[in-house]
Structures are given as C-alpha cells and as structure tokens.
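A.B. asks: Start from the sequences, fold in the hints, and give me the full structure.
The opening position of the sequence shown corresponds to residue 254 in the working numbering, with each subsequent residue numbered one higher.
Among the clues, some could well be false.
To be verified - Pair by pair, the computed Cβ-Cβ distance ranges are:
(1) 280 with 429: 25 to 33 angstroms
(2) 366 with 396: 16 to 24 angstroms
(3) 266 with 372: 24 to 32 angstroms
Hint data in this document are derived by calculation from the structure and do not stem from the laboratory.
We put the CB at the ideal spot given by N, CA and C, even for glycine.
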Amino acid sequence: KFAGPAASVRLVVPPPPICRAVSCDVRVDEREAAEMLGAFRLSDALYAAEHDFSRVTPSMLGDYLYCPALLWAQARLGLKVMTARGLVAAAVGRILHERYEGWATRHDNVLAEYRVEVEGFVGVIDLVVDTGSALVPVELKTSPVPREAHARQLQAYAWLINAGHGYLVYRSRVERVERDGSVLGLIRAARAAMESPEPPRPARDCARCAFREACELAGMPVPRVATLDEWLEGARRAGVEHEGGSVELY
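C.D. replies: Okay, here's the thing in structure tokens:
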C-alpha cells in the first residue's frame with residue numbers, strides 16, 4: 254500500500270537528481286563508516302561485514318560483473334568485502350539514501366524499500382513510483398561503481414516487478430534504463446559462480462587487485478606482486494638490470 258501525506262502530492266517521473274532534492278553535504282570518516290555499517294577490519298587493506306549469500310540479489314550482480322571470483326570468495330566467507338574508500342562511500346550513500354527516501358515518500362504514490370522475491374531471487378528496490386498506469390523502479394546511486402552494474406541491477410528490479418523501464422538517480426543526473434530480459438542469464442551465471450565448488454576464472458589481474466586478500470582467505474590461490482627487494486634479488490640472480498616494473502610470483 255502506498256502511503257503519504259493527507260494532501261495528495263504525487264511524484265512525477267523522472268524524479269529529480271539526489272542533490273536537487275536534498276542536501277548532499279555529508280562528511281563521514283572511516284571509523285564512523287565502519288560503525289554505521291557494522292564492518293570490521295579484515296586486513297590492513299580491507300573491511301568486511303557479515304552478509305547473507307544464500308540467495309542471489311541484484312546488488313550481487315555488481316560483484317559478479319567486477320569479478321566472478323570475488324563473488325565466489327565473498328560467498329565462501331559470508332562477508333561483503335570493501336576497501337576503506339568503498340566503506341566510506343557506502344556510508345555516505347546510506348545517509349543520502351535516507352535523506353532522499355524521506356523526501357520521496359512525502360509523495361503519496363511512492364513506496365521506499367520495496368521488497369520482492371521471485372523464484373529464489375530477492376531484491377529490495379530503493380523506491381517504487383506508482384504512475385497510475387504502471388509501477389516504476391527507482392534506484393539511488395552515489396558510489397563510483399561502473400554504470401553497467403547499476404543498469405543491470407535496475408533491469409533485474411524491472412524484471413522482478415514486471416516494469417518496462419526504471420530510473421537511476423545519481424547526485425546530479427537521472428538516467429532511464431529499459432528492461433532487458435538478458436539480465437536473467439546474468440542472474441543464473443552469478444548463482445552458478447556462488448554455488449561452484451571451485452573458484453570461477455578471475456576477470457581481473459589478481460596480483461594487482463585490491464580484493465586479493467579476500468580471495469586468499471577463501472582458499473583461492475592467487476599470484477602476488479614481488480616486493481622491491483624480491484624483484485632486485487631476482488634480477489641480480491638472473492643477471493639483468495631493469496628500471497621499474499614488477500614480477501609476479503606464484
């Protein structure tokens with residue numbers, strides 16, 4: 254049921270960008286972000302928070318598109334892994350989500366945190382707008398995650414509620430995304446990666462990946478970049494000289 258103020262005020266789509274509707278002045282430090290998200294130090298470079306990977310959610314599609322092996326590792330650990338920068342961005346995003354959702358739900362045709370489940374695939378849509386003729390999913394995005402992940406997540410939500418399109422609302426722009434049935438194949442691929450007994454083929458250069466330690470903790474063998482001393486020693490033994498560069502050790 255859509256609820257709102259006594260006076261009928263309807264939100265017209267497309268909705269406005271985040272910073273046009275609410276203040277985007279947010280300052281959160283690393284400690285505050287960790288406390289807000291219930292995260293803890295996994296290593297010197299990474300934070301982690303407990304996460305349920307028993308079912309595929311649209312937000313997991315972003316991890317799959319980044320690297321199937323990372324999604325596999327997180328599922329094995331039962332942890333959502335973040336860099337310090339990602340942790341702070343997620344905390345800022347949560348605050349801006351709350352502000353914008355508070356503004357949006359003053360309209361009587363908007364519902365926030367709309368939960369829907371179909372065939373074991375579950376999602377929580379930031380906002381759903383009832384235009385009178387259709388339900389339109391709206392996703393709020395404040396992080397620097399690649400846009401493909403945003404669009405595919407929204408397409409999954411559109412499929413879940415049988416919508417023809419939806420809107421990605423960023424800080425300063427809004428983008429319309431059409432429904433695309435090919436997202437079902439992506440959902441199945443993500444599920445297969447999570448359930449695989451062996452890690453999927455990485456889509457990134459593991460030796461230089463910021464999340465490599467998570468994969469190592471999950472039992473996945475990954476190469477590492479040699480330290481400067483190791484590289485110099487290897488070069489000395491090989492009788493070669495080289496300025497810069499790196500050597501991968503397996």
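A.B. asks: So the hint says 24 to 32 angstroms: do the beta-carbon atoms of residue 266 and residue 372 match that?
C.D. replies: This hint holds: roughly 28 angstroms between Cβ atoms.
A.B. asks: Taking the CB of residue 366 and the CB of residue 396, does the distance hold inside 16 to 24 angstroms?
C.D. replies: holds, 18 angstroms
A.B. asks: Can the suggested window of 25 to 33 angstroms be confirmed for the beta-carbon pair residue 280 and residue 429?
C.D. replies: Since residue 280 and residue 429 have Cβ atoms about 32 angstroms apart, the given range 25 to 33 angstroms holds.
The structure agrees with every numbered hint stated previously.
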